[in-house]
Structure formats: structure tokens, C-alpha cells
Amino acid sequence: MSVPFIKVEDLIFTYDDEDSIDKHYVLKNLSLEIEKGSFVCVLGHNGSGKSTFAKLLNMILSPDEGKIYIDGLDITDPEITEDDLFEIRRKVGMVFQNPDNQLVATIVEEDVAFGPENLGVEPSEIRRRVDSALETVGMSEYATHAPHRLSGGQKQRVAIAGIIAMQPECIIFDESTAMLDPQGRAEVMNTIAKLNREQGITVIHITHNMDEAVKADRVVVINEGEVFLDGTPKEVFSNVEKLRRAGLDVPQVTELFYDLSNHGVDLPSDILCEEEGAEILSAWLKK
Amino acid sequence: MTKLKLVDVNYTYSEGTPFRKDALRNINIEIEDNCITGLIGHTGCGKSTLVQLLNGLLFPTSGEVMFDGKNIKEKGYDLKTLRHKVGLVFQYPEYQLFEDTVYDDIAFGPKNMGLDKDEIDRRIREAALFVGLEERYFEVSPFDLSGGQKRRAAIAGIMAMDPDVLILDEPAAGLDPIGREEILGGIYSYQRKRKNAVVIVSHSMEDMARYSDKLIVMNGGEVFMQGNCREVFSETDKLLSVGLDVPQITKFMRELKSKGVDVRTDIFTVDEARAEILSKIGGRGNA
Amino acid sequence: MLKDITLGQFFPGRSFLHRIDPRTKIIAALLYIVAVFLCDSIMSFIILLAATLALIALSGVPVKIIVKGLKPLIFILAFTTIYNVFFYKGDHILVHWKFITIYLEGVVFALIMGLRIICLLTGSSVLMTYTTSPIMLTDGIERLLSPLNKIKAPVHEFAMMMSIALRFIPTLVEETDKIMCAQKARGADFSSGGLIKRARALIPVLVPLFISAFRRASDLAVAMECRCYRGGSGRTRMTKTHFGARDVILFTATVILGTVIVLSNIYFPIWMI
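Going down the list, the sequences are from chains A, B and C.
First residue of the first sequence: 1, per this note's numbering; consecutive thereafter.
First residue of the second sequence: 1001, per this note's numbering; consecutive thereafter.
First residue of the third sequence: 2001, per this note's numbering; consecutive thereafter.
Treat the hints as calculated values from the structure; they're not laboratory data.
Do not rely on the hints blindly, as some may be mistaken.
Said to hold, decoys possible - Some chain A residues judged to face chain C by a derived CB distance under 8 Å, without partners named:
1) Arg90
2) Gly93
3) Val104
4) Ala105
5) Ile126
Said to hold, decoys possible - Below, computed lysine-lysine pairings styled on DSSO-like, alpha-carbon distance capped at 30 Å:
6) C:Lys2197 x B:Lys1073
7) A:Lys91 x A:Lys194
8) B:Lys1257 x A:Lys287
9) B:Lys1073 x A:Lys234
Claimed, not checked - Which bits of chain A does chain C cover? Going by a derived footprint, with three or more residues having C-beta under 8 Å, they are:
10) 110-116
11) 160-169
12) 201-210
Where is the CB? At the ideal position from N, CA and C, for every residue including glycine.
Looking at chain A on its own, in the form it has when it is part of the complex (with noise of 0.2 Å):
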């Protein structure tokens, strides 16, 4: 068996919050494996640790206990050096909530080049990278662009193709699609299945809207700091009694299938989305 991309073994972190009087967050025993290459969507409520495991990834926190092990290379261990450290950063990737505070540049494709110049890649191979990281965003017509004067979801895919110039090999998306509206959501989430599918990027989307977790293969739920649900979104979500109890929602069809069963009617309670679900109704009350 393949050694898996993200290990993380027996994670505690416990969180010393000024900006909160009565919750402490804390991740506990939390242990988990990404596999390179899947698109694996983690949910939580706000507070429930999502975010604390996202920024352990690249160690922007370090756990006070556990292991997390990024392509092999344990990089709790006290001995790492910097330049590891930094590696690791080039290699996973992160994308953040606010999509003002992560562009450093008054110019699209300077901010793009901001990563690779940092690694100290050749001029001419910069060039190269931010063209086509552009290219693969689709926002390659604003390339000359003030970033101020672009949209909620066309910033985020700009702060997308300043990490994918790093040439990563997984992407965490700290819930990158919060703040958008609709139309910013979709773009965002279409570059992200995009870079998962074409260009083979591990792809770890910490949110709380299930109508993007439907989209992945994996989904986790994490709750009170552990993992709570682990599978495909089918899997996940025909908990429906679960997730909420994990203050999460469902899709409304997988409700309305959940209710429906609940009342003695016999369907399947993994329904995603409505066509799914359309069909097998009409099938069932034609029998």
C-alpha cells in the first residue's frame, strides 16, 4: 500500500483563545489520512477545530501533541529545519477566508509571482508559471489588474494562482468560499474540482456548507475536535440525525428522503441531489 500524502496520528492542540471568554478550542485524538490526489472536503461548525487542523498542516500552529507526517516527512519533530519547513509550505499550499488579506500586490500577476520569487525561481521560469497560472484560474484577462477593483471570487482565484505558481502538490482551501456571494462560490469551486481533476492537486476544503461538500470524494465531518464522520458524501450524509446533532445541515432532497422514510416510506436516505432523487421517487411510485 502507497504511503498516504497527510498522516496525522493522535492530534491534541489545545487553544488558548483571547478573543473568546468561555470556549476553548481544542482538537483531541484526532487521527487521520489523506490519500495523494483526493479532494477531501472537511466540515464542522464554527468552533469545532476545522480550522485549527487546516493551519497544523503547514505548522502556522504546532499541536502540542501527536504527529503529522506530510509526504513521509514528520514535521513535528523538533529537529526540522527551516528550510524543510519551508518546503513544506511550497508544497501544501493554503488558501484563506478573506480574500483582501492574502494578495500583497497592487498588480494581479506581481502578486502572482510573489510565491515563486520568495523561492528564488528564475525570472523567465516566473513568467512562465504565473502566465499559466493565470491561464488555469481564468483570470488571465485581468493579469495588468488592481486587485481592489476585482470581485469577492475572482481575488480568491488570484490568491489560487499565487499558490498554484508554487507548483504544490495539495492546496488547503481554509474556508476560502465563506465570504463570497453565489456566483463567487461557484467560480471558486469550479477552480478548485478543476485543479483536483486536471492537474492531479490534493485538494482539502475545510467548510461548512454541505452543498460544496457534495462535490468531493471524501467528506469528514469534525466535531468537538474529533473525527465524527468519515466516508463519501453518500456515506456522510444519510446521517442526517448525526450531522445535525454536529450542528451541520443536509442537503434539503437528503431531508426530504430522511423525512420521508422516517414516515414508514421505503427509499434509499443517500439522495444528494434533486435529478437523483426525482428519478428514484418517480420510479418507486410507479411500481
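Given chain A, work out where chains B and C should sit, using these hints.
Positioned in the frame of chain A, the structure of chains B and C alone reads:
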């Protein structure tokens, strides 16, 4: 009763310059008492401009804004009082908190209205109750609250001004399902008790279907549709044609109908859908 | 609206001036400014005007945009012109009416001052802000000042701070606008009362603005670290600038401009003041 009325309102940004942009065209709407009005549309459809016209932060380029039958553009109109009577909660209102304690921050609006101490105190407690903010937070710095609690404190700050019309721009933006539910539920019960006019700007069709009595759909700076939820959501094709969504459950019912099952398609909540389907199944499900 | 204010706007392009090393442009701009102040005769002004027009042509920036950029200066321009027309004293009286006396020298001097201001701003902004993106400009400054690294001056950090400040000015201006509206909706009054009352009224705007700026700063720091930023050492640049023939041409041309202006002052001292 009609509280706010817009007659033939147009609004143009940067009139007379090359940056001239029509934000609103021919707006004719009425905001009524005892009603939650949902305002829906894409980013850039003119919603935000419209909202600022309603309490005199902006004035129409042409046309009239009437509050309680009086034209607010008229000479000598008391704009300060208008802003007390038409409360406006901006998007991400937590960024406007500034006082030392939560209590003082909620008091800022009522204080500006010149109310006496006891009345201010009464209103603060009442508003906090509506948004579900416990009194033990009153003496805490607003910056030590969690994100969701900050949002509630900010909304309470406007509710405490006891406006005749309360306008909220995306009150649930960025919150997780529980947070959304609590904020929108709080606003709903506030309105049902106060029986005043509430306007909620939102992108979420599902939320609007649940909480609003009347809908105004904007597109390209114009009123595209208006009516009650059933009227609006029954015209799914029209909504989809301008890239707006309808609740997933509505799409599901349409899909079901297209598969030859004779069901109603003007359904927009899961409860209704379940009832409709159970009635079609009749006794079969329990057999 | 506040956010419509543009600060030293960059006009993207591939013109002669765009392709010159920012360091050369900064030095050329300094030389040009000196030349503007050396102009003292009709002849020298004609030369200066010709040079400025040539610069505009070389920049590829439409004249319309340059004229628009001068708009905010109308007040200063009008003020200096009027001031000089009425208060400059000389020997040749043009108009004398009651207590108003206008001298020929005053009119000439007013014209010269007006021309100077226009040339100064047009020339230096065409050389720098219009044709050099803020990052290239700060980059140029960083490299011009790089000898200071030897005395341990934090030149790279300074340049980085400058470019980040430029990036966030529009964002913060927009945010100020938003917070002011939000507090107005809560009954805050920014436009009445005395100075102290007005200053106090700004607290509800400044506190959230500062808090937001700090939050943005800390977010940005984390984002920069995630993009492998670790200071100036080992960094490369996408647009590798190096001195070429163009740089030599521009530099020589500005030196010649200065020399010709000085010479024309000496040999054609017409209307020298």
C-alpha cells in the same frame, strides 16, 4: 400599512463623469408594516444602493423616497430622525463595534437618539434577548466575543434603536448552519413580536423561503419580480434565466413533475414537499 | 465616493518608458525636476515643453488621462497664478485701477509658475508613476538604496512596507467609507458641532478601522509566510530589470536637457526675470 415607498427611483453613480454608472432604474416598491420583505439579487444588482436610499444615506438621482407619506428629499426633512426610524444593519456589522463593553456598544444608537438612561437600559436588555445574547456578556469587551456573538451584539445595537423599519444586509453571511438559524430565527421572532417592517437582503433562496413574507427580486438595477414567496418561486424558469437560484426542493419537485409524477411545483420548503408527496403516496407507504 | 480617489495610478503598457529600468527612471525624474527649476527664459521653457511632450509620447499614456490627472491641481494652479498676477511687483505697469496694480512681470511670472507646476507633475509622473508599477518603483528604490545595506539599514523591509501600504490604501479607504456609513446609520453625526465634538465623533470610526487594520496585518503576515516569504535574501524577481541601450538613451537625454536649458538661459536670456 406602507412605511416606505419608492416612486420611479433612479440612481446613477458619478453622474456627469466618464465613470457614470446606472445603479438603479425605475424602482417602484413599497415596504410594509408587519411583514418581512426579502430582497434578493446578484452582487452588483443594486441591492446595496437601494438599501442606502431607504434611510437617506443616499438620495435618488430622480424619483421619490417617501417615509410615512412624506418625501425625504423635501427641504427641512429631519434626516436624523429618519435614520432612527429606519435602522440599517450593514454586511459584517461586527466590524463596526468600538466601545469598551458590549453594553455600551449596544447603547451607542439609543444614546445618539437622546433617550434617558432607564429607557436605554430597557431597550438594551430587550434587544439582547431578541438576538440571544446573554446578559453575562454585557460587561465584556465586544472584541472578546466569538464571531457569531459579535454579529448578535451589532444587530442588537440597531434593534435597540427600535426602528419602524429594520433593514439587514446579509445578516447571516459567513455563519455556519447553526449560526444562520439562530440569527435569522432571532430576527424572525423579533419581527413577529414587534410587528414592524423588516427587510432582509440575502443570497440564500432557502433562507428567504423560510423567513420572508414577501420577496423583491432585483436584476441589473431593476425590480425583476415581486410578490409573496409562492408567486416568486413558482416562476422558476424566470429566476433561472437570470442566473438566480431557487430552493433545491423546488427544483426537485419540478424534476419529479417532468418525470410524469403529478405534483405541485410551487413548493419551497421541505415540510410542504413531504406533505405533498405523502398525499400522493396515500396509504401505500405504510403498507 | 472616497474610493474613486486614485493615488499615482499606473497605466499598464509596453512603451519605451515602460521598458526602462525603474532605477534609471527615478534618476531621470530627479534630473528632470532639477531642469524644471533651472528654466529661466522663454527659450528654456520652449525646450522644456518640447521635452515634456516627447516624454508623454514615449510613455504611450493618452493625453486625456494625463489631463485628468492634473485636475486635482486646478486649485493650486489657480491660486499661484492669481496670487502672482496681483501681488508681484515690477517696472512695467499693465493695468492700474484704484488699488489694483498689475505688472507685466507679474503676468509673466504667473505664467512661468503655472507652466513649471504642470511640467513638474506631468514629467515626473510620466517618468515614474504612470509607466512604473508601484512594485517596480519600490523595487527600484530598494535597489538604488541597496548600498545602505552595508551599514545594516533595513532597505528591503522598508521597500516591502511601502508596497504593502500602497496595496492596502484603497482597501482601507473603502473600509473607512463603509464604517462611516454604518455609524451614521446608528445616529452618529460627523458634520456638526465644534472641533472637539467632531474629533470625538471620529472615535467610532477610528477604533474599528484600527482593529480591522491590525487584523488584516496579521492575516497578511500568515499568508505571506505560507507563500514562503522570509525576507529579502534569496529572493528573485519576475521582471528582471537590467540597464540597456534605452536606459543610456534616457539618461543621456535628460542630462542633455539640463545642459541645454542652462545654455539657453545664458545665450538667449529673453525675458529673464
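Hint by hint, where does the structure go against what was stated? Just the numbers, ascending.
When the structure is compared with the hints, numbers 9, 12 turn out to be violated.
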